[in-house]
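A.B. asks: What follows is each chain in one-letter form.
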Amino acid sequence: MASATDSTAFNAGFGLNQNTIRYISSVKNESPSLLAFRLQALETFLKLRLPAWIPNALPPIDFQKLRYYVANTQRAKKSWDEVPTAIKTTFERLGVPEKEQKFLAGVEAQFDSEFAYAKMRQQLQEQGVIFTDSNEGLSTYRELFEPFFAKIVPPHDNTFAALNSAVFSGGSFIYVPKGLKVQQPLQAYFRINAERSGQFERTLIIVDEGAELTYMEGCTAPIYDTQNLHAAVVELVVKKDAKLQYITVQNWSSNVLNLVTKRGWAEENADVRWIDCNIGSKITMKYPGIYLKGRHAHGEVFSIALAHSGQWQDTGARVLHLADETTSNVVSKSISLGSGWAGYRGKIHIQPNCSHCKNSTECHSLLLGDESRTGTLPYVAISGDSQSVCHEASISSLDEEQLFYLQQRGLNRAAAVSLSVNGFVNDLVQHFPLEYSVELKRLIDMEVENAIG
Amino acid sequence: MHDVLTVEGATLTKDTQSILKDIHFQVQTGEIHAIIGPNGSGKSSLLKSIAGHPSYALTSGTFYLNQQPINEWAPDKRAQNGIFLAFQSPNAIEGVTVANFLRTALRFHKPEQKVNATQFYQDLYALLEQVGLPKDFTSRSVHCNFSGGEQKRLELLQLLLFKPKFALLDELDSGLDLQARETVLQTIRTLQPHTGFIIVSHAMDFLHQLPLTHLYLLQKGRLVTQNPSDLDAVASLIKGL
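In the order they appear, the protein sequences are chains A and B. Counting in the numbering used here, the first sequence runs from 1 upward without gaps. Counting in the numbering used here, the second sequence runs from 1001 upward without gaps.
Rather than coming from a laboratory, the hints here were simulated on the basis of the structure. Careful, some of the hints might be misleading.
Away from chain A, derived, C-beta distances all over 10 Å, residues of chain B [unchecked claim]:
id: 1; residue: 1030
id: 2; residue: 1039
id: 3; residue: 1054
id: 4; residue: 1075
id: 5; residue: 1084
id: 6; residue: 1091
id: 7; residue: 1100
id: 8; residue: 1105
id: 9; residue: 1117
id: 10; residue: 1140
id: 11; residue: 1163
id: 12; residue: 1185
id: 13; residue: 1233
id: 14; residue: 1237
Incomplete in silico selection of chain A near chain B, CB under 7 Å [claimed, not checked]:
id: 15; residue: 402
id: 16; residue: 409
id: 17; residue: 419
id: 18; residue: 423
Calculated pairs, DMTMM-like style, for lysine to aspartate or glutamate (alpha carbon to alpha carbon, straight line, at most 20 Å) [said to hold, decoys possible]:
id: 19; chain 1: A; residue 1: 181; chain 2: A; residue 2: 209
id: 20; chain 1: B; residue 1: 1077; chain 2: A; residue 2: 43
id: 21; chain 1: B; residue 1: 1077; chain 2: A; residue 2: 400
id: 22; chain 1: A; residue 1: 347; chain 2: A; residue 2: 157
id: 23; chain 1: A; residue 1: 358; chain 2: A; residue 2: 324
id: 24; chain 1: A; residue 1: 347; chain 2: A; residue 2: 370
id: 25; chain 1: A; residue 1: 441; chain 2: B; residue 2: 1094
id: 26; chain 1: A; residue 1: 243; chain 2: A; residue 2: 268
id: 27; chain 1: A; residue 1: 293; chain 2: A; residue 2: 399
id: 28; chain 1: A; residue 1: 358; chain 2: A; residue 2: 241
id: 29; chain 1: B; residue 1: 1014; chain 2: A; residue 2: 62
id: 30; chain 1: B; residue 1: 1014; chain 2: A; residue 2: 399
id: 31; chain 1: A; residue 1: 282; chain 2: A; residue 2: 62
id: 32; chain 1: B; residue 1: 1014; chain 2: A; residue 2: 400
id: 33; chain 1: A; residue 1: 240; chain 2: A; residue 2: 209
id: 34; chain 1: A; residue 1: 293; chain 2: A; residue 2: 212
id: 35; chain 1: A; residue 1: 178; chain 2: A; residue 2: 208
id: 36; chain 1: B; residue 1: 1110; chain 2: B; residue 2: 1094
id: 37; chain 1: B; residue 1: 1077; chain 2: A; residue 2: 401
id: 38; chain 1: A; residue 1: 347; chain 2: A; residue 2: 371
id: 39; chain 1: B; residue 1: 1077; chain 2: B; residue 2: 1112
All C-beta atoms, glycine included, are put in the ideal place defined by N, C-alpha and C.
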C-alpha cells in the first residue's frame, strides 16, 4: 500500500488537538464560523463520555494515535479517465467486476478524504440538484445547507458525533429541489486508504417538498493490520410530501471500528427509509434514526447484519414519533457465524402529545455456529392510548430438515447453508437495487462459505 | 448396463430408538419396487436413510451404489450420483425462489454444463405445465404456503428435471387429484427404462396401475418380500394389523 501513502498530498499527521482542527480548517479554506464550530465540537467531544451500554467488544480507542485528515488531492476528479490508476487497481484487487467498475464510474467516490470522481454532477446540476461535498456545501451553498447542518445530529448527540463535527471532511451534501423526482439513485463509494487514517465523512441530504431521492453508499476497504476508526455522520431532511431512501452496504475490512450516527427528519406526510446492510468491520454500532416530526410522516428501517468470528454488529433503529398519525416499520435480520455477534438494539418512542401513531418492529436472528451470539435489545416507550405498537422477535438456527432437502437436490453443505441464509434475508435484500442485491448475495455466499468451509 | 442400488443388512436407529432391522433388497434400473406397510412402520425412514438423512444412524449394514459402499457419502454426493427422494412433506424454504433453487441444484448435478438462463426458463415453464403448476411458481418460495397437492407437483417436477437413476417416492401420489396422479403414473412409466423406483404408497389402486416388479411389506421394522401379484392380499393384511 506504499504507493497509496506516497500519493498523499495533505495530511494532518497523528493526534487530535486544536492544531489538528485548525490545520484541517485551513486546508479547506473554511470560514471562521466553521472553524469555531469545529473547535466547539472538540470541546464537546473531550467532555462527553461513552454511553454506559456500549458493548464490551469495543476496545479502548487511543485518539492520539489516529490520523484525522488525509487527502490525496485537493481538487476533486470528474471523470473515470482522470481517476488515478492506483484507485482502479484497488477496485480490481477488491474483486469488483468490470461491469460494476463501470457502474461505479458514474458515481461519486471518496478516495481518502476527498472525492475521487464525480461524473454525474453536471447532469444533476441541470435539474437543479446540488450534489457536492461538505466543503463546497458549506461554502458555495452555505445559505442552503447551513440552516440544517448539525441540527439533526448536533455535536452533543454522542461522542462520535462530536468527534466527527470537529474533524469531518468529505461526504456528500445533496439538495433536491421541490417536486423533482430523481430517477437515478445517487451513489457514493467510500474506501479507507492510508493506514490508521480515520474516516469522518459528513453527509447532509435535503429533499425539498414533494421531491424524491434514493441515495446509495457502499463501503469497502483493503485489509490493514492496525485499527481504523470510521465515525461518519449522516443527516437527512425530508420535507413535506417528500421521499428519501438511503441505502448502505457496509463492507469495511475487519479491523475497522464503524461507529456511525445517522438520523433523518421527516416532515408532514414525508417518507424516510433507511436500508442498511452491515457485513464488514470489526465492530459496527449503527442505529439509523428517524424523527417523525410532521403529521402522517412515515419511517422505515430495514437492517441486515452479518457477523463472523471476531465481529460485532450492533445494529438497529431509533424512531421518535413526534406528531399525530405517524407510522414506522422496523425490520432487522441478523446472521451470526462462528463466534460472531450480530443483533438488534433499538429505541421506539411515541410522545404523549401524539395520537394514532403506529409502529411495527420485527427482529429476527439466525445463529449458524455453536458459538454464534445475538441479542435483541429493544427500548420501547409509548405514551397515550391511541397508539399501536407491535414488537416481534425470533432467534433460530439452521433448519437441518431444510438443509437435507437442499443437499438431497445436489447442493453441497456450504451452498445449502448459503442459499438458506440468502433466503432468510431475501425479503430485505429485495429492497436493494439489483446491482447491490447481486453483490450482497455474493458477499453473503462468500462469508457463509468461508465459515462453513 | 443396469445401475444397481443395494441395501444389505441395514439396521437403523434414530435417537437411539431402533427403526429398521436387517433390511435386504436390491433395485436395478428398470425395476419398480413398492413398499407398503402400516403407519409408523419405518417406510419414510428407510427412504430418507438411503438418501443420507443425518438423523438416521446405520448401526450395521451397508448401502451400495453399483457395488460401491455409500454409507459415508454426504446427501449431496448421493444426489449427484443419481439418488432422488421425493419428500412426503417437504420443508418450506422461505425467500428462495423455485427458479433460483432449481438452477442452483442443476449446477451441482451438471457442473460441466453451463445452465443457459433462457433455456432453463423454457424448460422450467414446460415442466410446470406438465405437472399442472402455473408459470408464476418460478418466483414463489420453495414449498412456502404450497397446498399439499402443489408440494407433490413440485416434487414430481424435480423427478422429471433430474431424471435420477434411482427415484425414492414417498407417497408422491397422495393428495393429488386424478389428473395429477395420472401424470405421476405416466412419469414413472416414461422414466422406467433408465430409472429404478422404490415407491412407498398407501393407495393400492395407484400401485395397481404400475408394472410392479417387486413388492415388500414393512412391518415392525422388518421388510418381508411379497409377490407383486398378491398386492390386494397383502394390503388387506395391513388393514387387519
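A.B. asks: Any hints this thing doesn't respect? Which numbers, in order?
C.D. replies: 3, 4, 5, 6, 7, 8, 20, 24, 27, 29, 36, 38
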